[in-house]
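Visitor: As a plain string of letters, each chain reads:
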Amino acid sequence: ELKVEQNPLFLSMQEGKNYTIYCNYSTTSDRLYWYRQDPGKSLESLFVLLSNGAVKQEGRLMASLDTKARLSTLHITAAVHDLSATYFCAVSRTSGTYKYIFGTGTRLKVLA
Amino acid sequence: DVKVTQSSRYLVKRTGEKVFLECVQDMDHENMFWYRQDPGLGLRLIYFSYDVKMKEKGDIPEGYSVSREKKERFSLILESASTNQTSMYLCATTGTAPSPLHFGNGTRLTVT
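Protein chains in written order, with the numbering used here: chain A, 1 to 112; chain B, 1001 to 1112.
Worth flagging that the hints you see were computed from the coordinates, not collected in a lab.
Be aware that one or more of the hints could be misleading.
What the hints assert, rightly or not - 30 angstroms max Cα-Cα, derived DSBU-like pairs, lysine-lysine: (1) A/Lys56 x B/Lys1003; (2) A/Lys41 x A/Lys68; (3) A/Lys109 x B/Lys1018; (4) B/Lys1070 x B/Lys1013; (5) A/Lys99 x B/Lys1070; (6) B/Lys1018 x A/Lys99; (7) B/Lys1053 x A/Lys109; (8) A/Lys68 x B/Lys1053; (9) A/Lys41 x B/Lys1057.
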């Protein structure tokens, strides 16, 4: 069974600081996704990571993938208040049809 | 832009009622998904469909059924609503898997 674990579940950080969110998954996966959800809104796709060693960056967010360790990280550099949101990782797995399995989410609060 | 429309934003139903949640997409996507989102549990997959009239169970299908009679529409049915089905329900679609999912705005269902 494919399982996805994220930590921490909740993260409160000061503006200007760096931090990392971790995403572990249990079995071989095709792709790794990161999503952002603002309060009261739906999920928005941030990154798709396709292969071992993949790194994607957008602004102050950088995502990486280590398929051997079954680990993805979302690194936040010099956090700003606008990054406050809930971040989800998800993995897809094919066994004839595709399933997308999500982690529990990390609620990030950036304090001014 | 992909548009995924869920018919109701908020819904209040009584225990034992039959409940229909509707999702319509405008991008001719083959794959459609229903998730429920609960605090601390992330998104959990209820059912998904990879073609008209085709469906597969997700991780928590008990108490739910689905219908996909047309490609653009995927319905989630609660046969006899119970209070533990109070949740946020999210519909998502994707074209050629494993592309990222596109989400609707969600339906917050309260069962009293």
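Visitor: Would the pair B/Lys1053 and A/Lys109 pass a check requiring their Cα atoms to be no farther apart than 30 angstroms?
Guide: Roughly 42 angstroms between the alpha carbons, so the hint for B/Lys1053 and A/Lys109 is violated.
Visitor: Check the hint pairing A/Lys109 with B/Lys1018 against an upper bound of 30 angstroms on the C-alpha distance.
Guide: Not OK: A/Lys109 and B/Lys1018 at ~38 angstroms, beyond 30 angstroms, violated.
Visitor: Do the alpha carbons of A/Lys68 and B/Lys1053 lie within 30 angstroms of each other, as the hint requires?
Guide: 37 angstroms, violated
Visitor: For the pair we were handed, A/Lys56 and B/Lys1003, check the Cα-Cα distance against 30 angstroms.
Guide: The given pair, whose Cα atoms are some 26 angstroms apart, holds under the 30 angstroms limit.
Visitor: Run the distance test for A/Lys99 versus B/Lys1070: straight-line Cα separation, threshold 30 angstroms.
Guide: 21 angstroms, holds
Visitor: Take a quick look at whether A/Lys41 and B/Lys1057 sit within 30 angstroms of each other, Cα to Cα.
Guide: 26 angstroms, holds
Visitor: Compare the distance between the alpha carbons of B/Lys1070 and B/Lys1013 with 30 angstroms, and conclude whether the hinted pair is satisfied.
Guide: Judged against 30 angstroms, a Cα distance of about 26 angstroms means the pair holds.
Visitor: Starting from A/Lys41, check that the Cα of A/Lys68 is at most 30 angstroms away, please.
Guide: 34 angstroms, violated
Visitor: Verify the proposed pairing of B/Lys1018 with A/Lys99, using a straight-line Cα cut of 30 angstroms.
Guide: Holds. B/Lys1018 to A/Lys99 sits at ~27 angstroms (cutoff 30 angstroms).
Consistency note: the structure conflicts with the earlier hints numbered 2, 3, 7, 8.
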